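Enquirer: Sequence:
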Amino acid sequence: MFNINRSVFISLAILIAVFALLASFTLGSGPGMSRQEAVAAAEPFASAEVLRDEYGVPHITGDTDAAAAFGLAYAHAEDDWATIQTTLVAARGELARYQGADAAPTDYVVQLLRIRELVAARYEQDISSNVKALLEGYAAGLNLYAAQHPTRVWNDVLPVTPEDVVAGFVLRTPFMYGLDDTLTELFAEERQRAISMRSTQSAFQWLDEARLPFGSNAFAIAPEFSADGATRLVINSHQPFEGPVAWYEARVRSGEGWDMVGGTFPGAPLILHGHSADLGWAHTVNLPDLADVYVLETEGDRYLLDGEWRELEHGTARLNVRIWGSIRWTVERDMWWSEHGPVIRTEHGDYAIRYSGMDEIRQVEQWYRMNRAENWDAWYEAMEMNAISSLNTVYADRTGEIAYVYNAAMPVREEGWNWRDYLPGDRSELIWQDYHPLSALPLYHNPASGWLLSANQTPFDATAVNDNLDAAAFSPTFGIEPRMTNRAHRGLTLMRNERALTAARLEDIKFDKVYSETSAVGRLVREILAMDFTGDDDLLSAQAVLASWDMSTEIDSRAAALGVLTAVRTIHNRHHEDPWDMAPADALREAADELMSHYGRLDPSWGEVNRMIRGDVNLPLGGGPDILRAIYGGSANLDENGQLRAVAGDTYINFIEWMPDGELRSRAIHQYGSATLDRMSAHYDDQAVLFAAEEWRTLDLALEGEGYSPLSR
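Here this note's numbering = 1-based position in the sequence shown + 59.
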């Protein structure tokens, strides 16, 4: 398979074979930018200042938006330069140069998707002057930090350019809706085997950590539904705890009026979701059908289209692969394109792909306009750019408006086809060219219910039953997902039982730890309890423990360990799909055996098993997979200590309130702390204890004090 057996396009045998024919010996030549050059490039942004609060969260100011972005880059680099560097190099298609053959698939795909060529061709015309200035400031901040710390920088990485930052968005965005699943499937030696592995493995090293569970919760509460008349927004994205899509918290302010606090990713020059004084939004992952696969009829290097043979466009990927130390070899691999888009040629056929966003570089432009919006109209106008290919977006503001936008750059497709299936590649009318306007997609704006919940479920079940949108009003060519997660089942049930919602009750719902009876876990448990294990004492004992389970994942639960360990073997992260990945009885036996081997009992407390481990912190955690208090372990198996280490789920959480008297309240928590990589820093794990205890930090939005200028470091 593409991601497991890399002989699909690069292997040790190939490397040996091409040493003499395709190889060039290279050595690194230093960071590529002197400190003096970096300082000179940073001078226009010298007004930037970084002030860190008691938890090390950077509050950045600058006279201009560009200067504030410069400060954000520098502060984030101080805390996580290694990840930022990796994301930038990955978007260049050069990761294998530094990380070896395992990273070559990423480089191949970047070149196959022509990401660098797209950015180069469209940067000048598609990016506004304001955003160009922002990107230049951000790049200058990264370059200054790297030039000041050359031993931390890979050879020839500098200078970072604005185009590098844009390319990072172009690469990252389509993987949020599952383009990597499509590519993994096509590159597989056996197509059906690949289909069965969707969403559990990635073909691309850069996204290995990112393939941990994607999820999220977002709540928007209007004044009429609040007991005290407040408007509330809960931002609760579920991401990996570390890596290229792990949240970093920051506050940025400029003399030009930019003022945002929230979460961002490594390599992003602004806030991706968070709030200003006026408004805020949260993203959750959605999964519309945004990638199409066409089966080509080929003859040699020709393909059939509308009854005529056409030549495949051919190119060569040059993969500069690190072998050992500074020794690298350049390996060449073929690439092809048809009128549809990139072409994957395999033993089981030739396929073309066409995907949403393949011609789009304005993602950072849209997020910037969202950052600068002051009201619903301006914010929704930014959303109408449709430059961000997917992601649900839940909105609230100080005037009491709330909304849930099912955001997608949705292709205009021919009706009557199953666009989730493979399509014939010989019909040009199936090669879509345009996108629907955002107004054609599901939107809730100020529903009568006064509340909205997005938990990665279908958008047609997001509020009070009478206010839900009708799925029949939208084209089946959109491929809008019908799924319901446990978080949606449980959250909707809880919200529908409320009338005058208090802040405390909203917190309780967000941190709820129960599996719904209608969830996949509920169905699994009922199936196991209905089985006849007569004659098998071990399974009878395990069945009895499950029979006592109240479906809770509280720390003191005595049945959650067996239940969750059985479920993760059976369901993995697909809590909305059947059939099971493992026979339920086999999963129950494995889970029971593992608990007995580590604890000598089937019912250790869930807190003994489920752990927050970071630095010197090792604490029990409540919650679990697809729970509103989402916690995901890195494996279905316990470690040598009989524990599951939390590696994904609830990460950066922000609880925002616009009170009736105009006061803005903002509380947040991060799973670890601001010092992403510095184990010696007090901020490496100083929020982990609060996170485990489900407590908050109150954000000081009027923080004052003496900060530092990056140019003085």
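Read the hints as simulated data drawn from the structure, not as lab findings. Be a bit skeptical, because a hint or two may be false.
Listed next, with one range per pair, are the computed distances between beta-carbon atoms [claimed, not checked]: (1) Glu763 with Ile386: 41 to 47 Å; (2) Glu183 with Ala507: 55 to 61 Å; (3) Ser187 with Ala99: 21 to 27 Å; (4) Asp436 with Leu363: 45 to 51 Å; (5) Glu183 with Ala532: 38 to 44 Å; (6) Arg726 with Tyr658: 44 to 50 Å; (7) Ala141 with Ala336: 46 to 52 Å; (8) Arg585 with Gln184: 55 to 61 Å; (9) Gly674 with Leu363: 56 to 62 Å; (10) Asp526 with Thr577: 16 to 22 Å; (11) Ser385 with Glu96: 20 to 26 Å.
Note that the structure is a prediction, hence the values are computed from the model and not measured. C-beta atoms are modelled at their ideal positions from N, C-alpha and C, and glycine is treated no differently.
Enquirer: Can you list which hints this structure breaks, lowest number first?
Expert: Failing hints, ascending: 1, 2, 6, 7.
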